[in-house]
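Residue numbers (this note's numbering), protein chains in the order written: chain W, 1 to 111; chain P, 1 to 112.
Keep in mind the hints are simulated off the structure, nothing from the lab. Keep in mind that a hint or two might mislead.
Derived BS3-like pairs (lysine-lysine); straight-line CA-CA distance at most 25 Å [unchecked claim]:
#: 1; chain 1: P; residue 1: 57; chain 2: W; residue 2: 103
#: 2; chain 1: W; residue 1: 42; chain 2: P; residue 2: 53
#: 3; chain 1: P; residue 1: 71; chain 2: P; residue 2: 55
#: 4; chain 1: W; residue 1: 37; chain 2: P; residue 2: 3
A few chain P residues that don't get close to chain W, going by computed Cβ distances all over 12 Å [what the hints assert, rightly or not]:
#: 5; residue: 17
#: 6; residue: 27
#: 7; residue: 31
#: 8; residue: 38
#: 9; residue: 100
Positions of the beta carbon are idealized from the N, C-alpha and C atoms, including for glycine.
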Amino acid sequence: GENVEQHPSTLSVQEGDSAVIKCTYSDSASNYFPWYKQELGKGPQLIIDIRSNVGEKKDQRIAVTLNKTAKHFSLHITETQPEDSAVYFCAANQAGTALIFGKGTTLSVSS
Amino acid sequence: DVKVTQSSRYLVKRTGEKVFLECVQDMDHENMFWYRQDPGLGLRLIYFSYDVKMKEKGDIPEGYSVSREKKERFSLILESASTNQTSMYLCASGLLGATEAFFGQGTRLTVV
């Protein structure tokens with residue numbers, strides 16, 4: 001089955017800096033790669049996703065890149081703000097299977 | 001907006017009790033999922049269901065069972081609760097295929 005590794009487990013940045021979180025996956029058949037943000041006391045919410053036919057996707061300050069050959073994908077947050085502080089999860093799956101998640105990254109943005 | 005509702009935010013149960021965690025979604029999604037979240041371990045899949053009365057084991061199904069009698073409702077059952085099942089339980093739903101999963105707010109279960 002699929003296995004997703006996520007690094008780092010914690011990340012501290014200054015407001016305005018960039019943050020990068022990296023994930024690798026094991027199943028070359030996976031073709032959907034979402035990123036979720038979880039704030040305290042809430043369930044995870046999708047912030048951006050990418051499919052295997054695309055190499056990069058951007059949404060304002062957030063971008064995701066995918067390298068299918070190396071089986072890794074990354075989340076990039078630019079101009080970080082205190083409200084970006086949360087736990088971030090990457091995940092991977094293919095049709096007919098459930099999302100398999102990484103272990104999460106706790107991002108702290110200090111002002 | 002998609003809404004996934006879990007019946008309880010907090011539950012405290014005794015060791016050996018049979019525990020039911022209920023989840024309802026209002027978007028006619030085919031897929032429903034139960035995950036368990038523990039610090040440092042991320043979200044681990046317990047069971048998922050892609051249709052009424054259908055279920056698939058996830059990575060950690062031991063000690064759990066599920067029931068899906070109606071499309072909108074997916075129940076997680078702890079047959080005999082144990083202290084190592086103290087955790088946050090998250091329900092999610094989604095369309096068929098490789099797509100976004102929508103999560104409920106979670107149930108924090110404590111087994112004493």
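Numbers of unmet hints, in rising order: 2, 7, 8, 9
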